[in-house]
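> Residue numbers (the numbering used here), protein chains in the order written: chain A, 1 to 83; chain B, 84 to 335.
These aren't lab readings, by the way, just hints derived from the structure by calculation.
Check the hints yourself; a few may be wrong.
What the hints assert, rightly or not - The calculated label-pair distances, taken between Cβ atoms and stated as ranges, are:
#1 B:Val-271 <-> A:Ala-36: 38 to 46 Å
#2 A:Ile-44 <-> B:Val-271: 31 to 39 Å
#3 A:Phe-81 <-> B:Gly-211: 40 to 48 Å
#4 A:Ala-30 <-> B:Phe-252: 17 to 25 Å
#5 A:Ile-44 <-> B:Leu-255: 35 to 43 Å
#6 A:Phe-59 <-> B:Met-84: 52 to 60 Å
#7 A:Gln-3 <-> B:Met-175: 44 to 52 Å
#8 A:Ile-22 <-> B:Val-260: 41 to 49 Å
#9 A:Phe-81 <-> B:Ala-222: 55 to 63 Å
To be verified - Where chain A lies over chain B, by a calculated footprint (3+ residues, C-beta under 8 Å):
#10 238 to 249
#11 277 to 286
To be verified - Calculated from the model, a selection of chain B residues having no Cβ within reach of chain A, i.e. all distances over 10 Å:
#12 Asp-85
#13 Leu-94
#14 Val-110
#15 Glu-135
#16 Ile-148
#17 Pro-153
#18 Val-205
#19 Arg-206
#20 Val-233
#21 Thr-234
#22 Val-271
#23 Phe-272
#24 Tyr-296
A virtual CB, placed ideally from N, CA and C, is assigned to each residue, including glycine.
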Amino acid sequence: MDQIDAATLLQVVRLIVAGATIAIGSIGPAFAEGRALAQALESIARQPDASGTISRTLFVGLAMVESTAIYCLVMAFIILFVK
Amino acid sequence: MDQIRNILRALDWIPKSAWSTWGVMAVLAVLSCAVTRRLRTEAPGKLQSFFELLVEQLCKLTREIARTDPEPYVPLVGTLFVFVFVANLVGMVPGLSSPTADLSVTAGLAIVVFLAVPFYGVRARGFGRYLKAYLEPNAFMLPFNILGEVTRTLSLAVRLFGNIMSGEFLLLVVIGVVTTVLHGYARVFMPVAFVLTLFLSILSLITAAIQAYIFTVLALVYIGAAVERRNAAERKKARALLNEEEKANGSD
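Build the full structure now, drawing on both the sequences and the hints.
Structure, rendered in structure tokens:
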């Protein structure tokens, strides 16, 4: 079997780590967003009058929760592309 | 002929996203001029009615989120919304790619928001009181407040970029896999890829609208927070006033 040189090995490690970063990093936000969405739906079902306020707050909240996943995306990009 | 080729080569260093950004800007500028050229109060045309609806909704959104007079903020926020929305949709046109799929463009937009926050904050509350808001709730929080200001700008840029870019990238991956890896079975997998890209396109249409909305709302939240950062007592008083107002409205 041929010897794998260091550069190729580094590239392989990069790919694996970047994939793991996104995979693990999106678990938390996914659960959190699901919880927030479920709660918001329940609130809207109870109080349809407040649906405007609830959904707007939900959007902002989801965007905040999502930023954790976005930081993971940034890290994955840095791992992949920054030499 | 050579001259044209030379000119084209000279223009080559300008990135694609710059072309599409300026294209979107030109289209929007021309459209705005055309719409506002002949504004009528009686029997407005369809186009005017549509844009009046848009402006009205933006005013309402601003009033609800920033809880102040929307007039100074709607020009910036409305421009952001319309630009981001149209820029997201540009990717749907075959042969073009969204300017917002480029991190440089979204970073520019985020920097606009980053600079607008102190601008509006200082204008509404004065230099000293705006700066003092960084020391709330106490001086110990100063580095965290500054850090928050920077990271939220970063996440604003990367959120828009990530969502739009991943939409386009997924299309590319699906088509790429069918035409290269599964090339031998293209006849079988082409219909699958067609349906899949159709659904992905619809998904990115929805994403385009939602991300434009989220970008606008977040910009509004940041500006609104800078404009009316109050201390706890003032906030309590304002909330009581608002509750009374809502009660009065509700009993009508």
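> Report the numbers of all earlier hints that the structure fails to satisfy, in ascending order.
Those not satisfied are hints 2, 8, 9, 11, 16, 21, 24.
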